[in-house]
Amino acid sequence: MARFKLRKGRSVGMINTSSLPDIIFMLLFFFMVTTVMREVTYKVTIKLPVATQIQKLEKKSLVSYIYVGPPVRSKLYGTNTRIQLNDQFATVDDIQEFVAKERQARPEADRQKITTSLKVNKDTRMGIVTDIKQQLRKAGAFKINYSSRKKAPKK
Amino acid sequence: MAKRQAPEINAGSMADIAFLLLIFFLVTTTMDVDTGITRKLPPPVENPEENVKVKDRNVLKVLVNSRDMLMVNGKRMELSQLKDKAIDFMSIHRDNPDYPEVEQKMIPELGKEVWVSKGIISLKNDRGTSYDMYIAVQDALAAAFNDMRNQTAREFFGVNYNQLVNKKKIDAVNKIIPIRISEAEPENIGGK
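Residue numbers (our numbering), protein chains in the order written: chain A, 11 to 165; chain B, 5 to 196.
It is worth saying that the hints were derived from the structure and are not from the lab.
Zero decoy hints are in this set.
Listed next, the in silico PhoX-like pairs over lysine-lysine satisfying Cα-Cα at most 25 Å (straight line):
(1) B:K173 / A:K123
(2) B:K128 / A:K148
(3) A:K153 / A:K70
(4) A:K123 / B:K171
(5) A:K153 / B:K122
(6) A:K70 / A:K160
(7) A:K132 / B:K65
(8) B:K109 / B:K122
(9) B:K172 / B:K109
(10) A:K153 / B:K173
(11) B:K172 / A:K66
(12) A:K153 / B:K171
(13) A:K129 / B:K128
(14) B:K79 / B:K59
(15) A:K143 / A:K160
(16) B:K171 / A:K66
(17) A:K153 / A:K129
(18) B:K89 / B:K128
All figures in this text were calculated on a predicted structure; none of them were measured in a lab.
Using the sequences and the hints given, assemble the complete structure.
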């Protein structure tokens with residue numbers, strides 16, 4: 011019967027782990043750099059629609075977001091579709107002011123390049139979206155992006 | 005002078021600390037890039053009375069009602085047919101009154117004249133249309149334009165539109181196939 015013999019005197023040397031922290035640090039820095047902390051807490055539920063012809067939004071610093079959907083805490087705020095700007099609920103009339111503030115926050119050279127990303131729940135009626143679009147037109151924010159997920163290709 | 009040896013710091017737990025941080029960032033990281041359909045809104049109309057006259061044959065009217073049903077030039081249509089219809093409408097048909105007018109346009113990037121359609125797709129939706137349907141329609145139209153751009157790019161440069169790198173070539177294709185989706189001023193028909 012074959013047996014594994016414990017040979018004496020030939021112990022496997024300990025693996026040198028002194029470079030392990032370096033490797034881990036490297037990974038750590040990678041994730042630290044790539045991480046984008048979520049800027050706002052969603053107060054509205056958003057299930058994005060799917061589309062096939064989507065484009066990536068390039069510069070994240072030049073994107074301002076408008077969230078539209080039913081409130082997360084429906085017991086408190088009801089189930090009617092609401093608009094969220096930054097961290098609070100807003101009405102359609104607040105949008106122009108919001109756009110102006112977003113412009114102020116960017117350097118002057120970039121102000122015309124701001125894209126407004128509309129994150130709209132897919133069950134929303136178009137009425138409110140149209141109102142938002144009208145307000146954006148008035149505010150001069152013409153570049154918009156209908157946020158949507160990539161549709162899984164058909165098999 | 006006696007040299008005092010600095011005691012060596014035990015770095016064995018360094019990895020653990022780093023691991024802890026690593027795991028934190030791993031969990032909080034969201035790698036997803038924001039994606040979506042990018043569109044440009046038209047500037048606000050100054051005097052709404054003034055209507056821009058566009059010939060009827062140049063416009064493909066796409067209507068979506070509050071029950072998410074689609075009507076194209078007065079006929080009901082399924083969403084799956086919309087893309088082909090749009091491509092058919094926007095493609096070049098010379099001297100055919102059923103299709104939009106075409107004109108020869110000088111494309112400076114190519115240095116020659118190319119037939120360009122004058123067609124416009126007019127998209128109109130009700131306030132009660134669901135956003136899902138609206139995006140689906142926008143998507144179908146975008147797909148139509150992208151297909152046409154791909155075709156044009158292949159014809160002139162031998163590669164697909166998204167593989168073009170040269171800015172001039174992209175501009176040339178954009179000029180031959182401009183995305184002409186006009187969204188009508190909103191109307192309230194079916195209530196909210």
